[in-house]
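Asks: Residue numbers (the working numbering), protein chains in the order written: chain A, 1 to 168; chain B, 1 to 107.
Hints listed in this document are in silico derivations from the structure and should not be mistaken for laboratory results. Incorrect hints may appear among the rest.
Here are some chain A residues the structure puts well away from chain B; computed CB gaps all over 10 angstroms [as the list claims (entries may be wrong)]:
1. THR62
2. GLU69
3. GLN79
4. THR82
5. ARG105
6. ALA106
7. TRP107
8. ARG109
9. ALA123
10. ALA125
11. THR127
12. GLN134
13. SER140
14. LYS148
One-sided and incomplete, this derived list gives chain A residues near chain B with beta-carbon spacing under 7 angstroms [what the hints assert, rightly or not]:
15. MET47
16. ASP49
17. LEU52
Pairwise CB distance ranges, derived in the manner of DEER restraints [as the list claims (entries may be wrong)]:
18. SER80/B x GLU128/A: 44 to 50 angstroms
19. GLN79/A x LYS30/B: 24 to 30 angstroms
20. GLU106/B x ARG109/A: 43 to 49 angstroms
21. ASN87/B x ASP66/A: 37 to 43 angstroms
22. GLU48/A x THR91/B: 23 to 29 angstroms
C-beta: ideal position from N, C-alpha, C; glycine also.
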Amino acid sequence: MHKAPFPDDEPQRVEALKAPAATRKPAPTHSEASIHPSVTILLVDDMEDNRLLITLLLKGTTYRLDTAENGAIAVDKFQSGTYDLVLMDVQMPIMDGYQATLTIRAWEREQGRAPTPIIALTASALTEDVEKCQAAGFTSHLTKPIKKTTLLEAIPRYAVTPPLEEAI
Amino acid sequence: MPPDLESRPSVAHVDASFEPLIPKFMTNRKKELTAMAEAVTQDDFNTILKIAHGMKGVSGSYGFPAMTAAAARLEQAAKSADVESINRQLTALASYLDRVQIVYVES
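Go ahead and model the full structure; you've got the sequences and the hints to work with.
Replies: Okay, here's the thing in structure tokens:
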């Protein structure tokens, strides 16, 4: 089992929500993404159609996708699995995305683990919602509807790259 | 007579790669309309609010802007517990789902 090492630029990633766009890591091209075949993503969304759509958008990429229907299931899966990136819907029954992210961040601190990037999938880009995402510990956010190009640019920008030997 | 949501022809331009997902998408939206019609008889505005919010998001992602707009109006109507407006939007959405013509476009 691997947990991604703490890369030198991790603090920048965590700060990405606050940082101006220009200081962010440039999005690698899609071909660069394909050299890291073991990037594993946890997709959390209560709506089946949303999960199926994201699954479809990632078809043909080398990303491995696991899904969860609400925040509580996501926390369970996160604690028992290994993920390089989490894509998290915000409004969900049982446990919403804010609570799930707060829970994951607390657990990571407890375990002494580096924070895994968690990207919020939000319905609006209102300042209030973005601030709420920051406060909960989300790394960044994407506004729905999510376009394929946006998604394929965001994943390599934020995903923790697994160690190379596991990528081969 | 001015065109309204019920009588206006409706075409949705959907990404061709989404085609395999569309039958399930349509079935799930119809189920949601049924659930909201049931909820409105019980003044369960919170259920309508949640379903309409989800419908707004998913229809936007799939490429049904007319549905997205109607779901947003429905969400607002549920927020203000406006039964008359909720029923109007539910009728409009049911009609839309029955007659929408999907044109698949290559991305």
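Asks: Taking the hints in turn, state whether each one holds.
Replies: Comparing the hints with the structure gives:
1. THR62: The claim stands: THR62/A keeps its Cβ more than 10 angstroms from every Cβ of chain B (closest is about 18 angstroms).
2. GLU69: 13 angstroms, holds
3. GLN79: 27 angstroms, holds
4. THR82: Check passes; 28 angstroms lies beyond 10 angstroms.
5. ARG105: 25 angstroms, holds
6. ALA106: Check passes; 27 angstroms lies beyond 10 angstroms.
7. TRP107: Given that every Cβ of chain B is farther than 10 angstroms from that of TRP107/A, nearest at about 27 angstroms, it holds.
8. ARG109: 31 angstroms, holds
9. ALA123: 5 angstroms, violated
10. ALA125: The claim holds: ALA125/A sits with its nearest Cβ about 13 angstroms from chain B, beyond 10 angstroms.
11. THR127: Given that every Cβ of chain B is farther than 10 angstroms from that of THR127/A, nearest at about 19 angstroms, it holds.
12. GLN134: The claim stands: GLN134/A keeps its Cβ more than 10 angstroms from every Cβ of chain B (closest is about 21 angstroms).
13. SER140: 18 angstroms, holds
14. LYS148: 7 angstroms, violated
15. MET47: Holds: closest Cβ of chain B sits about 5 angstroms from MET47/A, inside 7 angstroms.
16. ASP49: With a closest approach of 5 angstroms, the ASP49/A hint holds.
17. LEU52: Given a least distance of 5 angstroms, the restraint on LEU52/A holds.
18. SER80/B x GLU128/A: 44 to 50 angstroms: Since the Cβ atoms of SER80/B and GLU128/A sit about 20 angstroms apart, the hinted range of 44 to 50 angstroms is violated.
19. GLN79/A x LYS30/B: 24 to 30 angstroms: Since GLN79/A and LYS30/B have Cβ atoms about 37 angstroms apart, the given range 24 to 30 angstroms is violated.
20. GLU106/B x ARG109/A: 43 to 49 angstroms: 47 angstroms, holds
21. ASN87/B x ASP66/A: 37 to 43 angstroms: Given a distance of about 41 angstroms, which is inside 37 to 43 angstroms, the answer is holds.
22. GLU48/A x THR91/B: 23 to 29 angstroms: Distance hint for GLU48/A, THR91/B holds at roughly 25 angstroms.
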